[in-house]
Each structure stands twice: as structure tokens, then as C-alpha cells.
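**Q** What follows is the residue order along each chain.
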Amino acid sequence: MSVWKEFSKGIAKSNPVFRLMLGLCPVLAVSNSVENAIGMGSAATFVLLGSNSVISIIRKLVPEKIRIPIFITIIATFVTIVELTMAAFAPALHKSLGIFIPLIVVNCIILGRAEAFASKNSLFLSILDGLGMGIGFTLALITIATFREILGNGSWLGITVFCQNFQPALLMILAPGAFLTIGFLMGFFNWIENRKNNLRG
Amino acid sequence: MKEIIKFGFILMLVTLIGAGSLSWVNNITKPRILEQEKKALDLSLSIVLSGTENGIIIPVDNRDQSVYYEGYRDKDKKEFIGYALPVVATGYSSKIRAVVGFDSTGRILAINVLSQKETPGLGTKCEEIRKGESTPWFQAQFAGMDAATIAVDKDGGTIESITGATITSRAITDAVRDSVTNFLNRIRKRN
Numbered sequence: 001m002s003v004w005k006e007f008s009k010g011i012a013k014s015n016p017v018f019r020l021m022l023g024l025c026p027v028l029a030v031s032n033s034v035e036n037a038i039g040m041g042s043a044a045t046f047v048l049l050g051s052n053s054v055i056s057i058i059r060k061l062v063p064e065k066i067r068i069p070i071f072i073t074i075i076a077t078f079v080t081i082v083e084l085t086m087a088a089f090a091p092a093l094h095k096s097l098g099i100f101i102p103l104i105v106v107n108c109i110i111l112g113r114a115e116a117f118a119s120k121n122s123l124f125l126s127i128l129d130g131l132g133m134g135i136g137f138t139l140a141l142i143t144i145a146t147f148r149e150i151l152g153n154g155s156w157l158g159i160t161v162f163c164q165n166f167q168p169a170l171l172m173i174l175a176p177g178a179f180l181t182i183g184f185l186m187g188f189f190n191w192i193e194n195r196k197n198n199l200r201g
Numbered sequence: 001m002k003e004i005i006k007f008g009f010i011l012m013l014v015t016l017i018g019a020g021s022l023s024w025v026n027n028i029t030k031p032r033i034l035e036q037e038k039k040a041l042d043l044s045l046s047i048v049l050s051g052t053e054n055g056i057i058i059p060v061d062n063r064d065q066s067v068y069y070e071g072y073r074d075k076d077k078k079e080f081i082g083y084a085l086p087v088v089a090t091g092y093s094s095k096i097r098a099v100v101g102f103d104s105t106g107r108i109l110a111i112n113v114l115s116q117k118e119t120p121g122l123g124t125k126c127e128e129i130r131k132g133e134s135t136p137w138f139q140a141q142f143a144g145m146d147a148a149t150i151a152v153d154k155d156g157g158t159i160e161s162i163t164g165a166t167i168t169s170r171a172i173t174d175a176v177r178d179s180v181t182n183f184l185n186r187i188r189k190r191n
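If you read the protein sequences in the order shown, they are chains A and B.
Residues in the first sequence are numbered from 1 upward in steps of one, following the numbering used here.
Residues in the second sequence are numbered from 1 upward in steps of one, following the numbering used here.
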């Protein structure tokens with residue numbers, strides 16, 4: 001695959017949320033506002049870049065049979081180091097992103113990309129993959145959060161969108177709203193994909 | 001058999017390197033993290049005991065190894081403003097640490113949430129500052145209220161709970177009420 005394709009696949013064609021269906025737990029939890037979506041997406045992208053890089057560098061040294069526990073140890077260590085460093089040297093950033101960092105350890109996207117790509121490809125391509133997947137994850141989060149925040153809170157990025165009399169649907173910022181939004185969006189993207197394939201014949 | 005030993009050894013090596021680097025980073029960051037926490041606490045104390053800008057806030061050892069604070073308007077400790085008490089509430093998904101300032105009659109001066117890890121977008125609204133305002137609206141409600149009788153609206157009180165975050169709201173409210181009431185009872189018994 002071309003260099004550009006390795007990067008861009010994570011954004012649309014192989015979007016980790018809508019196509020690969022990875023990392024859905026944190027997506028459900030953190031997509032209730034666009035501000036949270038951006039925070040979580042940024043933190044996850046940063047961790048993804050780091051973990052993809054490290055695993056790609058050591059890929060030839062890891063015996064295949066025990067690769068999963070080794071990947072998990074590396075990822076968990078890396079995430080904890082990021083959290084400690086943030087807490088010590090960037091307290092303001094830690095206050096806003098801090099809650100997302102522990103959630104990233106259990107994000108399947110990190111382990112998924114480590115296993116499916118970083119352990120089998122060069123450092124350069126792994127970095128591109130990490131960036132693309134991270135951006136795709138962030139965009140998916142922002143899309144879902146846009147629906148949930150506008151309908152469930154009457155705002156976008158904290159800015160009130162509707163007039164005073166708008167009664168937000170509380171359902172949208174709670175868990176059921178997340179399932180509904182993701183379901184509809186996934187159906188929509190699948191429909192577009194089917195149409196594209198049918199047109200191609 | 002040989003493979004198992006080899007794998008065991010490699011895994012041990014990986015976890016050794018992981019634990020080692022974590023320990024190293026922890027040592028480097030620990031003093032700075034403690035410094036940040038102290039800065040946050042000092043800021044919090046000055047918020048809940050306003051009027052002490054030119055005075056002094058002194059820590060007092062509670063007999064049960066905890067600390068509370070007394071705030072004075074002047075450095076000579078002549079004009080007593082009130083107490084500040086660190087409070088820990090069991091929230092929905094984390095321990096919520098806060099500080100509450102109150103006078104000797106149990107009237108709350110202000111509360112300030114120090115740290116929490118509640119659900120983003122719901123419980124975290126306890127620290128949300130609305131556009132045009134300067135204090136988190138949820139915490140601002142406590143100012144001026146009598147600590148012994150506060151409760152969230154769902155429990156018949158007047159504290160407006162956060163939509164979709166009843167547990168967080170109730171945890172903070174109840175913790176403030178109970179901590180202040182118990183503290184004042186102990187102080188009165190001593191005197």
C-alpha cells in the first residue's frame with residue numbers, strides 16, 4: 001500500500017470505530033460532548049503513536065507465542081508513564097485529559113493495531129498507521145458527540161445552539177443515546193458503502 | 001520444556017524493564033506531583049476561606065491524625081473567619097476530594113472540589129463553570145447554607161443536583177453535611 005494509503009485508511013475505509021468496531025466501550029462513555037471527544041481522541045492518538053512505535057521497534061525480538069502479554073505490559077507501562085509525567089509537569093492538561101488516560105489502557109484499538117500492524121511493519125509505517133487510526137478515532141468520536149451533545153444538551157462544544165425553550169433529550173447523553181447514535185451512524189455508513197459497491201457493479 | 005523456560009525468562013525480562021522504568025518515573029515525578037497537590041490545596045483553602053488574603057490560614061492537627069484549618073483575617077489571629085475541612089466523598093466512580101469552609105455556627109462559606117474522576121460529561125459537571133460565571137454553579141449553591149440541613153433536591157433539600165449525575169451530587173452534598181456536622185460536634189464536646 002502506498003504511504004498515503006497507510007495513513008488515510010484509518011480515517012475512513014478502515015475507521016477503527018465504524019469499520020473495525022474497536023474501542024467501542026470508551027466511545028460509548030466519552031462521546032457525550034464534543035469537548036470530551038476531542039480530549040479522549042487526542043490522548044488516545046498520542047498513546048497509539050507511542051505504543052505502535054515501541055512495538056514496531058522491538059517486533060523482531062518478541063517471540064510470537066507470548067506476544068500478547070508482552071504488548072499489554074508495554075502498553076500499560078507506557079500509559080502509566082504518560083499519566084505520571086502529565087500529572088507532574090502539565091497539571092492543567094492533566095486536569096482536563098487525566099480521566100481519559102486510564103481508560104485508554106483498555107481501549108482495544110491500541111492492542112488491536114499493535115497486533116495487526118505494528119508487530120509486522122516498519123517503524124515509519126507503524127507511525128503512519130497510528131496517526132491515521134488515532135485521527136479516525138477522534139473524528140468518529142466527534143461525529144457521535146456532535147449528535148449526542150446537540151440533541152442531549154442543546155450545545156456544541158459548550159456553545160448553546162438552540163433557543164432557551166429547547167428541551168434537550170436527556171436520553172442522548174446517557175448510555176442508551178450512545179448506542180442509538182452509534183447504531184444509526186453505522187447503518188448509515190454501511191448503506192453508503194453498499195451503494196458504492198452496487199454502483200461499481 | 002526448554003521453550004517454556006525461555007518464554008518465562010523473556011516475560012520476566014519485559015516485566016522487569018516495565019516495573020523498573022515505572023519505578024524510575026515515579027521517583028522523578030513524585031516530588032513534583034506532591035508540590036502540585038499542595039499548590040492546589042492552598043488555592044482551594046484561599047477560595048473557601050475568602051477574607052484571609054492578608055491574614056493567615058493555619059493547619060491544626062485533629063486528634064485522629066487528620067488536619068483541619070483555621071482562617072484569620074489578620075496575621076495576629078485576632079479575627080477568626082472560619083474553619084476549612086478536607087472532605088472525601090464516595091462518588092459514582094471515584095473518591096471526590098473537596099474542601100469546605102464554614103464558620104463556627106456551621107454556616108457554609110464555600111466549597112471547592114479538589115479532584116474527582118467521575119463520568120466525563122455527567123459527574124464531572126460538578127466542576128463545570130458556566131459561560132459568564134466564575135465559579136462552578138454546582139459548588140456555588142453551597143455558599144451561605146447551613147451545613148446541618150443541606151440535601152439534594154431529590155432528598156427533599158434545596159441543592160439542585162446535576163442532571164444525569166444524582167449519585168455524584170448526593171455524594172458531595174452528604175459528605176459536606178456529615179463532615180461539618182461531626183466536626184462541629186467534636187469541637188463543641190471538647191469545649
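Treat the hints with care, as some may be off.
As the list claims (entries may be wrong) - The list that follows gives simulated cross-link-like pairs (lysine to aspartate or glutamate, DMTMM-like), each with its CA atoms no further than 25 Å apart:
1) Lys131/B x Asp155/B
2) Lys60/A x Glu3/B
3) Lys95/A x Glu3/B
Claimed, not checked - Output of the computed footprint for chain B on chain A, the stretches with three or more beta carbons under 8 Å from beta carbons of chain B:
4) 5 to 13
5) 79 to 86
6) 176 to 189
I should point out that these hints are in silico values taken from the structure, not numbers from a laboratory.
Just so you know, even glycine gets a beta-carbon here, dropped at the ideal spot from N, CA and C.
**Q** Check whether the Cα positions of Lys60/A and Glu3/B lie no farther apart than 25 Å.
**A** 17 Å, holds
**Q** Take a quick look at whether Lys131/B and Asp155/B sit within 25 Å of each other, Cα to Cα.
**A** Status violated; Cα separation ~28 Å.
**Q** Just to make sure I understand the rule, a stretch counts as covered if three or more of its residues have a C-beta closer than 8 Å to a C-beta of the chain. Does the segment 176 to 189 of chain A meet that for chain B?
**A** The restraint on the segment 176 to 189 of chain A is violated, since only 0 of its residues have a Cβ under 8 Å from chain B and three are required.
**Q** At a Cβ distance under 8 Å, does chain B reach at least three residues of the segment 79 to 86 of chain A?
**A** Holds: 4 residues of the segment 79 to 86 of chain A have a Cβ under 8 Å from chain B.
**Q** Could you grab the alpha-carbon distance between Lys95/A and Glu3/B and see if it respects the 25 Å cut-off?
**A** 46 Å, violated
**Q** Cut-off 8 Å, C-beta pairs, minimum 3 residues; does the coverage of the segment 5 to 13 of chain A by chain B stand?
**A** violated (count 0)
Comparing the model with each numbered hint stated earlier shows that hints 1, 3, 4 and 6 do not hold.
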